[in-house]
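Chemist: When you get a sec, could you build the whole thing from the sequences and use the hints?
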Amino acid sequence: MRRTGERWHAGGREHALDAEDVAASDALSARLFHRSGGAASEWIVLTLQGYDYPSLGRCAALADDGRCSVHADKPSICRAVPLDPMLPDRLQSRVLAARRDDAGWLGANCIVETSSTQSAVESSFPIPLVTAGQVADRAALDAYRDALVFERAVWRDAVFASLTDGGQDVRHALSRLAPGGYLTVSIVPVLLAVALVSEYCRTRCLAFIDAQLALIGMNIEAALARRHADDRPATRELRGFAQALERARHALAAMPAPAAGMREDAPRIDAWLADRPDLDTLAA
Numbered sequence: 001m002r003r004t005g006e007r008w009h010a011g012g013r014e015h016a017l018d019a020e021d022v023a024a025s026d027a028l029s030a031r032l033f034h035r036s037g038g039a040a041s042e043w044i045v046l047t048l049q050g051y052d053y054p055s056l057g058r059c060a061a062l063a064d065d066g067r068c069s070v071h072a073d074k075p076s077i078c079r080a081v082p083l084d085p086m087l088p089d090r091l092q093s094r095v096l097a098a099r100r101d102d103a104g105w106l107g108a109n110c111i112v113e114t115s116s117t118q119s120a121v122e123s124s125f126p127i128p129l130v131t132a133g134q135v136a137d138r139a140a141l142d143a144y145r146d147a148l149v150f151e152r153a154v155w156r157d158a159v160f161a162s163l164t165d166g167g168q169d170v171r172h173a174l175s176r177l178a179p180g181g182y183l184t185v186s187i188v189p190v191l192l193a194v195a196l197v198s199e200y201c202r203t204r205c206l207a208f209i210d211a212q213l214a215l216i217g218m219n220i221e222a223a224l225a226r227r228h229a230d231d232r233p234a235t236r237e238l239r240g241f242a243q244a245l246e247r248a249r250h251a252l253a254a255m256p257a258p259a260a261g262m263r264e265d266a267p268r269i270d271a272w273l274a275d276r277p278d279l280d281t282l283a284a
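Residue numbers (full-length UniProt numbering): 1 to 284.
Just so you know, not all the hints are guaranteed correct.
[Claimed, not checked] Restraint-style ranges between C-beta atoms, simulated for each label pair:
(1) C110 - R13: 13 to 23 angstroms
(2) A251 - D169: 16 to 26 angstroms
(3) G167 - Q134: 39 to 49 angstroms
(4) R176 - V149: 27 to 37 angstroms
(5) D102 - R67: 14 to 24 angstroms
(6) R138 - A251: 34 to 44 angstroms
(7) L62 - Y182: 15 to 25 angstroms
(8) D102 - A251: 20 to 30 angstroms
(9) D265 - A229: 39 to 49 angstroms
(10) H9 - D265: 40 to 50 angstroms
(11) R13 - D275: 35 to 45 angstroms
It should be emphasised that the hints constitute simulated quantities derived from the structure, not laboratory data. Just so you know, these numbers come straight off a predicted model, no measurement behind them. In this text, a Cβ means the ideal position worked out from N, Cα and C, and glycines have one as well.
Modeler: Structure (C-alpha cells):
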C-alpha cells in the first residue's frame, strides 16, 4: 500500500509520492488486487509465476543460445517489460529509472533518457517508452492489466477466498508477509477453480497436471545430477508441488462433469484456456 510522502529511490534521485501518486496506485490496485483486511490494509497480488532452480540464474524460457524460446508468443507481462503494469502510468518514468539502477540491467544500456543523450545515441533507441510523463505505447500495459482483470473473475477471487478461509496456518503465513514480501504456493487452488468452469477446462487442467509432473520430475533429476547444495530447498518445494498436483489429479478425475451452462462466461474462459484468437470477440 502506497502512502503520501513515501520515498522512492530511482535513477540516483529520491522521489516522494504525493497524494495523486497514491490515489492512482490505489485505483489501479482496487481493479487488479485484493486487500488483506480492512480499508487501510495492504494489497495482496495473486499472480502465476514460473518456478525454476535459483542456482541456474536464468529464465527457464531461455534457449541454449541465450535467446527467448517463447518470444513469438511470450506472456503479456514479458511484453510489458521494462514498464511495470502493476504500477500506475504516472509512475512509469520512475520504474524505468529504477531499472537502470538495478544490478540485473547493469551494462545493458537499453533504457536511456533521451533528454541527456546525443542524437547519435537517440537514433539507436527508436522505441519511446515514456514521453513527457505519459506512456507512449500502452498496448502491452493494457493487455496485461486486462488479463489480470479477466483472470480475477476466472480464478483469482476464488483462490483469494480459499487462502483467507484456508485455516489458521495460511492466515498466519499471510499476516507475516512484510510489505513487498511474497509467499509461493502450489498452483493447485487455481486448477481446482478453473476446472469447475466446464468439462473442457477440467480436461485441460488434467493435461496441465500431467505435463507439470513430467517437467518437475525432469528438473529434479537434473538437479540431483548437478549435486548443488543450494538446490536442495527448491527440490523440497518442487516435490511438495508434485505431491499436491498428484492429489489434485485424483480429485479432478473423480469430479463429476460440470453442468453445461452453469457459467455464462464458460465459452470465453474455454477460449482463454485454449489461447484462441476469438477470445476478444466473445461476450464478456
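Chemist: When the hints from earlier in the document are held up against this structure, which numbers fail?
Modeler: Violated: hint 8 alone.
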